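Model the full structure from these sequences, guided by the hints.
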Amino acid sequence: MNKNTEYFLVLLLWLTTIYMWTLPIQKNPLPYGDVDPPVHYAPGDWMSENDKSVWKVPSYIELMYAKDTRGYVAYPPTFYSSHAVFQIIGGDRTKASYIFLAITSSMTLLSLYVLMRKFFGFIPAYLSSFLMAFSLRDILVYVMGQWMQAISFAFVPIIICFYFSYLESFFNKKRKDYYLYISILLLVLQYLFHPQGVVFSMAVMGLLTLVLWFKEKAFPLTTKNILLSIALFVVLIIALAPMQLSLVLGHAGIKQNGYSQSKMFKINNPGRLFYWSKMPDDNPGLPASYFSYRQMNGGIWTLILFFIGAAYLLFRKTRKDILLLVQVLLLYVFIHFDVISLPRYTRYLELEAQVFYPIAALGLVCLISLFKSTFLKKYAKPVLIAAFFFLALTVNAKNAYPVLRDAYPSMYRINPAQYDATQWIKKNLPEKAMVLPAGTLTYAKKKWLWTLSQRTFAAGNNFFSDDVPEFNLTDYVMVDYSDLYIVNRMDVVASLNDWETKVLAGSTKLFDKNNVRIYEVDKNWAKESFST
Amino acid sequence: MNLTRKQLLVAGIAVSVVFMYVALGFTGVRVIAGLFLIMLPAYFILDTFELGLEEKIVATMFFSIGGYSTLVYYSGLVIGSFRAAMAITFLILIVAALVVRKTRKKGKKKE
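First to last, the sequence lines map onto chains A and B.
Counting with this note's numbering, you get residues 65 to 596 for the letters of the first sequence.
Counting with this note's numbering, you get residues 2 to 112 for the letters of the second sequence.
I should point out that these hints are in silico values taken from the structure, not numbers from a laboratory.
Wrong hints could be hidden among the right ones.
Calculated pairs, BS3-like style, for lysine-lysine (alpha carbon to alpha carbon, straight line, at most 25 Å) [said to hold, decoys possible]: (1) A:K490 / A:K577; (2) A:K342 / A:K327; (3) B:K109 / A:K288; (4) B:K111 / A:K238; (5) A:K240 / B:K109; (6) A:K116 / A:K491; (7) B:K57 / A:K384; (8) A:K442 / A:K67; (9) B:K57 / A:K238; (10) A:K238 / B:K110.
No experiment lies behind these values; they were computed from the predicted model shown.
What follows is the structure in structure tokens.
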């Protein structure tokens, strides 16, 4: 195929993916996401809105973190800063942010394309990237707002591509060290977006080096290479994210989320080794379908192709085949970290698509090559490729499309009345204000009010948020009927109205627009009003 | 029709911009145009290595989104204005990239 046609087809796929992944904001550009996204959104949003880089975060952000971050942003500044950059470039606080998030979260398909195109040719590359565009698990991670993780995992194929290019240049006796150093620089950036992806990239690089060392009976790295690579990585990480290093180590599982060093590396439920993935007992809020291959990958048709492709690679065992097989082995290890009591293993399931789809695409190529007669091969190739696209579109894309189109409908995302109220709060209330949202229906939305107003909200699970310590510090109350009108709960509207008349009668009303009212209350208001 | 690399890049940018306008309006155009703009310095540098076009473009995208933003963040701390930091960092990177490009090309000619 003409190279220009290839580029055009890839561009078309990339743009179509951006179109699909931005479906959640095309009709309604107001922010959405689960509980974590408002926290990830806040620092970048603050930087662009205030035209300043944030070193020590304002108290409203610090209070969002469930752990002590000593006043710094919880992760290295790269994601926050890139979010701010694109918010400014796009000239729109919310829509530009989400276009940026869609572009970056879906970059795996480009990164995977480059890896596969270079070592396996256009057809396997295009087929695997085509499937990636509709990978439901990747889409779920993006829609639910684990953007930093999504970007970090998107780096994996491109890092491996450059590292493997170095190894190939070494074994082919045409050593090109720049491939190695480009891969290290990308590894640094991957760490700066989210440290979790780095662990997998490094594991692939390490195991690949070992296996190829034994296969080729030559160690592919010189002492100078190793020392320079380590120095480059360590120095850049310390220089570019010094304040987050200890926090990141904390995220690695030490003394966090109920895990402690004493618990780690203890054998736990070894029977899990016989399952690929299973919903954990301490499921961190993920839907059950997240753990099902069938539901995330449109049935088992990709799995059948995967097994054909894996058998083909195991039979052939060239260096590039080993590159793909090593990733499967490591993915198995990583998603079974719970067996040795390591935390956050469920996140590595997101890598499943980028590890499996290339091998499934190669499985199809293998099927084509089974036709020995040139005549049959001539017809089998377009038919099988057309069948692949047909299944990808009618099964995988069909499953993915409604998830994106219907992501966080009306009540589940900030509505225009709430957004207007947050803008008023940002402009008019003091920086240390503590606002109690009464009537806002979901915990995630209360956190979005917090982020968008750049003031602290008492965000709890209860209707009046009286389940969080900040509740007692309330000095403003936002009585919000907008959600209740959307869900047509007139009974709750009436009781909230009674409550407002009774409890806020003596307080000063500062704002009253589109069924949202904001009152200033005395310091002891919360204690006095809720003790009776 | 066989396009040169330059023509291909220009055509790709034009198609992307038009597509973003139709799909996401002027905000989409600004985001994609901004992305292509901040990719220039890293592209100028990577263009001096023996890399395939797709390899170069995708690596540039990763380097630019991550690298440029990180440098803007730290410049912003020094300068005091995030927006000014964006402009100044871009100008410094463009100049640095052109110098690196020239130096590497000279080095290659000597070889």
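We went through each hint and held it up to the structure:
1. A:K490 / A:K577: holds (15 Å)
2. A:K342 / A:K327: holds (21 Å)
3. B:K109 / A:K288: Holds - the C-alpha atoms of K288 (chain A) and K109 (chain B) are around 23 Å apart, at most 25 Å.
4. B:K111 / A:K238: holds (20 Å)
5. A:K240 / B:K109: With Cα atoms ~15 Å apart, K240 (chain A) and K109 (chain B) stay inside 25 Å; holds.
6. A:K116 / A:K491: It holds: about 17 Å lies between the C-alpha atoms, which stays within 25 Å.
7. B:K57 / A:K384: Judged against 25 Å, a Cα distance of about 20 Å means the pair holds.
8. A:K442 / A:K67: holds (21 Å)
9. B:K57 / A:K238: holds (20 Å)
10. A:K238 / B:K110: holds (20 Å)
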